[in-house]
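Protein chains: 2
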Amino acid sequence: MEKRMAAATASASASYRLLNQKKHTSKRFLDHRRLVTNFGELHRSSSSSRGFMHHCGTAPLQSFLSRFLWALQKSSLNHIQNLPGIQHRTFGLKNVIQDEEELQTANTDWMHKYKGSSKLMLLPENTDQLSQILKYCNSRCLAVVPQGGNTGLVGGSVPVFDEVIINTRRMNNIISFDEVSGVLVCEAGCILENLISFLDKQGFIMPLDLGAKGSCQIGGNVSTNAGGLRLIRYGSLHGTVLGLEVVLANGNVIDMLGTLRKDNTGYDLKHLFIGSEGSLGIITKVSILTPPKLSSVNIAFLACQDYISCQKLVFQAKRKLGEILSAFEFLDAQAMNLVLDHLDSVRNPLPSSIYNFYVLIETTGSNECNDKEKVEGFLVDAMESGLVSDGAIAQDLNQASSFWQIREGIPEALQKAGAVYKYDLSIPVEKMYDLVEEMRIRLGGKANVVGYGHLGDGNLHLNVSAPQYDDAILAEIEPFVYEWTSKQHGSISAEHGLGLMKAEKIYYSKSTATVELMASMKKMLDPNGILNPYKVIPQSLLLS
Amino acid sequence: MEKRMAAATASASASYRLLNQKKHTSKRFLDHRRLVTNFGELHRSSSSSRGFMHHCGTAPLQSFLSRFLWALQKSSLNHIQNLPGIQHRTFGLKNVIQDEEELQTANTDWMHKYKGSSKLMLLPENTDQLSQILKYCNSRCLAVVPQGGNTGLVGGSVPVFDEVIINTRRMNNIISFDEVSGVLVCEAGCILENLISFLDKQGFIMPLDLGAKGSCQIGGNVSTNAGGLRLIRYGSLHGTVLGLEVVLANGNVIDMLGTLRKDNTGYDLKHLFIGSEGSLGIITKVSILTPPKLSSVNIAFLACQDYISCQKLVFQAKRKLGEILSAFEFLDAQAMNLVLDHLDSVRNPLPSSIYNFYVLIETTGSNECNDKEKVEGFLVDAMESGLVSDGAIAQDLNQASSFWQIREGIPEALQKAGAVYKYDLSIPVEKMYDLVEEMRIRLGGKANVVGYGHLGDGNLHLNVSAPQYDDAILAEIEPFVYEWTSKQHGSISAEHGLGLMKAEKIYYSKSTATVELMASMKKMLDPNGILNPYKVIPQSLLLS
Numbered sequence: 050m051e052k053r054m055a056a057a058t059a060s061a062s063a064s065y066r067l068l069n070q071k072k073h074t075s076k077r078f079l080d081h082r083r084l085v086t087n088f089g090e091l092h093r094s095s096s097s098s099r100g101f102m103h104h105c106g107t108a109p110l111q112s113f114l115s116r117f118l119w120a121l122q123k124s125s126l127n128h129i130q131n132l133p134g135i136q137h138r139t140f141g142l143k144n145v146i147q148d149e150e151e152l153q154t155a156n157t158d159w160m161h162k163y164k165g166s167s168k169l170m171l172l173p174e175n176t177d178q179l180s181q182i183l184k185y186c187n188s189r190c191l192a193v194v195p196q197g198g199n200t201g202l203v204g205g206s207v208p209v210f211d212e213v214i215i216n217t218r219r220m221n222n223i224i225s226f227d228e229v230s231g232v233l234v235c236e237a238g239c240i241l242e243n244l245i246s247f248l249d250k251q252g253f254i255m256p257l258d259l260g261a262k263g264s265c266q267i268g269g270n271v272s273t274n275a276g277g278l279r280l281i282r283y284g285s286l287h288g289t290v291l292g293l294e295v296v297l298a299n300g301n302v303i304d305m306l307g308t309l310r311k312d313n314t315g316y317d318l319k320h321l322f323i324g325s326e327g328s329l330g331i332i333t334k335v336s337i338l339t340p341p342k343l344s345s346v347n348i349a350f351l352a353c354q355d356y357i358s359c360q361k362l363v364f365q366a367k368r369k370l371g372e373i374l375s376a377f378e379f380l381d382a383q384a385m386n387l388v389l390d391h392l393d394s395v396r397n398p399l400p401s402s403i404y405n406f407y408v409l410i411e412t413t414g415s416n417e418c419n420d421k422e423k424v425e426g427f428l429v430d431a432m433e434s435g436l437v438s439d440g441a442i443a444q445d446l447n448q449a450s451s452f453w454q455i456r457e458g459i460p461e462a463l464q465k466a467g468a469v470y471k472y473d474l475s476i477p478v479e480k481m482y483d484l485v486e487e488m489r490i491r492l493g494g495k496a497n498v499v500g501y502g503h504l505g506d507g508n509l510h511l512n513v514s515a516p517q518y519d520d521a522i523l524a525e526i527e528p529f530v531y532e533w534t535s536k537q538h539g540s541i542s543a544e545h546g547l548g549l550m551k552a553e554k555i556y557y558s559k560s561t562a563t564v565e566l567m568a569s570m571k572k573m574l575d576p577n578g579i580l581n582p583y584k585v586i587p588q589s590l591l592l593s
Numbered sequence: 050m051e052k053r054m055a056a057a058t059a060s061a062s063a064s065y066r067l068l069n070q071k072k073h074t075s076k077r078f079l080d081h082r083r084l085v086t087n088f089g090e091l092h093r094s095s096s097s098s099r100g101f102m103h104h105c106g107t108a109p110l111q112s113f114l115s116r117f118l119w120a121l122q123k124s125s126l127n128h129i130q131n132l133p134g135i136q137h138r139t140f141g142l143k144n145v146i147q148d149e150e151e152l153q154t155a156n157t158d159w160m161h162k163y164k165g166s167s168k169l170m171l172l173p174e175n176t177d178q179l180s181q182i183l184k185y186c187n188s189r190c191l192a193v194v195p196q197g198g199n200t201g202l203v204g205g206s207v208p209v210f211d212e213v214i215i216n217t218r219r220m221n222n223i224i225s226f227d228e229v230s231g232v233l234v235c236e237a238g239c240i241l242e243n244l245i246s247f248l249d250k251q252g253f254i255m256p257l258d259l260g261a262k263g264s265c266q267i268g269g270n271v272s273t274n275a276g277g278l279r280l281i282r283y284g285s286l287h288g289t290v291l292g293l294e295v296v297l298a299n300g301n302v303i304d305m306l307g308t309l310r311k312d313n314t315g316y317d318l319k320h321l322f323i324g325s326e327g328s329l330g331i332i333t334k335v336s337i338l339t340p341p342k343l344s345s346v347n348i349a350f351l352a353c354q355d356y357i358s359c360q361k362l363v364f365q366a367k368r369k370l371g372e373i374l375s376a377f378e379f380l381d382a383q384a385m386n387l388v389l390d391h392l393d394s395v396r397n398p399l400p401s402s403i404y405n406f407y408v409l410i411e412t413t414g415s416n417e418c419n420d421k422e423k424v425e426g427f428l429v430d431a432m433e434s435g436l437v438s439d440g441a442i443a444q445d446l447n448q449a450s451s452f453w454q455i456r457e458g459i460p461e462a463l464q465k466a467g468a469v470y471k472y473d474l475s476i477p478v479e480k481m482y483d484l485v486e487e488m489r490i491r492l493g494g495k496a497n498v499v500g501y502g503h504l505g506d507g508n509l510h511l512n513v514s515a516p517q518y519d520d521a522i523l524a525e526i527e528p529f530v531y532e533w534t535s536k537q538h539g540s541i542s543a544e545h546g547l548g549l550m551k552a553e554k555i556y557y558s559k560s561t562a563t564v565e566l567m568a569s570m571k572k573m574l575d576p577n578g579i580l581n582p583y584k585v586i587p588q589s590l591l592l593s
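Residue numbers (my numbering), protein chains in the order written: chain A, 50 to 593; chain B, 50 to 593.
Hints are computed from structural coordinates only; laboratory data are not their basis. A couple of the hints might just be wrong.
Pairs count within a copy or across copies, as identical chains cannot be separated in the list.
[As the list claims (entries may be wrong)] In silico SDA-like cross-links for lysine to any residue, where the CA-CA straight-line distance does not exceed 25 Å:
| no. | residue 1 | residue 2 |
| --- | --- | --- |
| 1 | K342 | Q454 |
| 2 | K367 | V229 |
| 3 | K250 | R368 |
| 4 | K572 | L590 |
| 5 | K572 | A562 |
| 6 | K184 | Q588 |
| 7 | K367 | R282 |
| 8 | K143 | D258 |
| 9 | K342 | G260 |
| 10 | K164 | E150 |
| 11 | K250 | S394 |
| 12 | K495 | Q444 |
| 13 | K480 | N447 |
| 14 | K421 | Q365 |
| 15 | K554 | K572 |
Please put together the full structure from these sequences, using the hints given.
Put into structure tokens, the structure is as follows:
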């Protein structure tokens, strides 16, 4: 009772402040409407006629902000009735970020390659709040960027100009977990690593795992259809995500949050939002099938002399380790050297010689003896047939973790080494490494070309490392890398998405008719184009 | 050379016939246009104002047919230029089915519950032909029914009135198979069992298997997102289908036939067509990831005294057999008795006592000794803890096949037993059998209530068997069965789809906003509503 009283008093006092504030803002309010509209128009037209342009005029944005805050905080007057989902008591100033330092982080991507100039980040605490924000922004044609952990690599999660950032990090509740079915339901802002820890206590695991797990959010994972290290075993999120709650651009909440393994009642529309990088709607809740945690894990770190051996090894592993194989990763000598040079904590478990390729194999099963026997048998065969030149099996958790550190440390080592051009490609396994070799020839000694990735899934991470960014190097890489991949019927983005980096390059991997159909979807679901603009779909298609 | 000559002669003679025919039909042709338009309008309005109505007037259809054949066969005149994909030499009369007997089969569903009155079935031999047919039908607002093996159970693959049937059975080529990646690319009309046999020779398996495999086509499987017996291991088709080629209502061919495990370049639109039952487009080609065939298969047939034991057993199996579990099916005593009564070839492998429930467990792995040890260990534990009362492990292929015959024979036994009301439901495992028991109480002795299905996936097949169809029995079952399932947040169609049977019942499992979004998709992709009308989506939404 006392608590309620306190809340009521706080609310009354907030209303009072706002009433006073209204007196000052009522004149400006009318002006804002014009400015806001201008802002919206400017925003939408900027890429069509003049290409990308940073319009740093903050006046309209500030106007929007004043009005937004006014609407948010004005509790007892008419306006709040139009924002029923936003409780001014909870959606207070703490969820409206204007602090420059915080905004700088939110405006900048992980690679420091893309930088927006947003002046406003909102942190909704629930679906209703997020819905009201979108409804409002949509009615004013105000562009927004959905943001999770901001760990993306293609500029998809930061503003291009001064779009409003909607970060889901305060929506981080686990809603339910069913230990019979293994179905986890949680809010979009849950950090992947927290979900992994939660499930570990229940005897389950997440069906996806990736290097960014400490920061990335499950909503972002699903929005970008994150792949990662366990895809070879548990498949893509299109298979494991059972349900979603999504807010459309107009604020409509679409409840597709089923928890059933099988449900064939109509079109399975959740798939539209898996991998569409927040451009069709913002994911607010996720229901996902989690596999039981199996007790026996084996990790082997192997050396191969040539790529053909790696290729034969993955074929053998799928057959002989079939049901227990949970990761098959590879890196070349250049990647290994980078990690050894830049990460102090890492050492090569096979230091006796210099090998051209290294492979990390992980198995996960229910029976330690059986699994060990299988893995050892596989390795003996691989050594005898000459596919593997040397190898080590992790004897304890520390060693297992140190093997993984090599593979997972590559992106960090590349960052430390200087400028890096990153390409995430799907290419038929037998052709995959040809690209790395061709790229080395093209670049001569001008840069260090590094190949690693998820060999088991045909996914190459091609990275070009140079002391600093250099247009001459870029011109050697692009469009060559995309053209080469396209010729092999590969994908120019296996798991990172298109974001801003590759939106205009979509035709390298998709047919014209398919891209046009995508554009129709976008126009239908987001007619004002407010959701993550300039990303995923070529702008020319959306403005026609 | 001789062959070519013969074809040219045949073609010339066909042209001649048609030229003559044209003389007779030219006057009628003008009339047809009006009639065809009327037919289209009639078709589209029939369910809106007066509910379903069989309009058996064949005049407009015959008009269409004459014109269609005329267009198809008229080789040297202007019209054929508008149908460039249809080669009159191949798309001859053999692919235009007007034979009454054949049409009767195509008009009638497997259960003899739904019957259309189509007078025309077309059998395109390739995507171009199918595209031209749709383009033509769309331009005239002529409704079509895509049909594969016609093994569906919800009236989705037969006409409601006299829609043109487009059967894909002549598009049955395997296009490619890559034994490194395990990716199979084939045409939509390939029969599932043929694909299974083909892959078997390559050392691979299909990730789906179902009772209808001898007749069903892969295009139909994908269109209906077929589940079946291996879903517990390999997941749904949303996970295993890598690419599709689809023809839209307007004849546009959408090439999404990727063969990559990972491809995040834009919206993954193929998922729209998986499970949309041919109402958004017709699938013409499929690319699918096939798992390697593993050498060790174990099949156990077990008896449990109560449902709670079955439930505990599935939980244990997922944990202890985890990585090798490939099926977990159950049936109740009523299902067993039906099979024993109606199928001569089946016998109960556990005849010593009468048990309430039977469970079939299949494991598939790479190491015979290990797997046997695991399965035996699991069964010993299950027996000791009292979950299992009796059990048998198949000692050879014959015995394995005889165990599967019990489970797979249930639908046939039900057909032989008389009239059957079939319900395919997803319900949380712990509640699943409550529905069977409640239904028995409701129906008293009036009908035999049978429960079986894919326990591992939470999928119950509830069947009510009666001597003949009886409205009083139906009134006891529906809407109760849907309301009950909806209350448990279950799905009223786990794997069979909605078809005609459950289109209007979609709201039991989907929110209003979701269904409205589905309707928007349908209107966008098929604005004339020609594709599989009256199915999947409530008609009222499409006419608004």
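Would you list, in rising numerical order, the hints stated earlier that this structure does not obey?
Violated hints (numbers, rising): 8, 11, 12, 13; every other hint is consistent with the structure.
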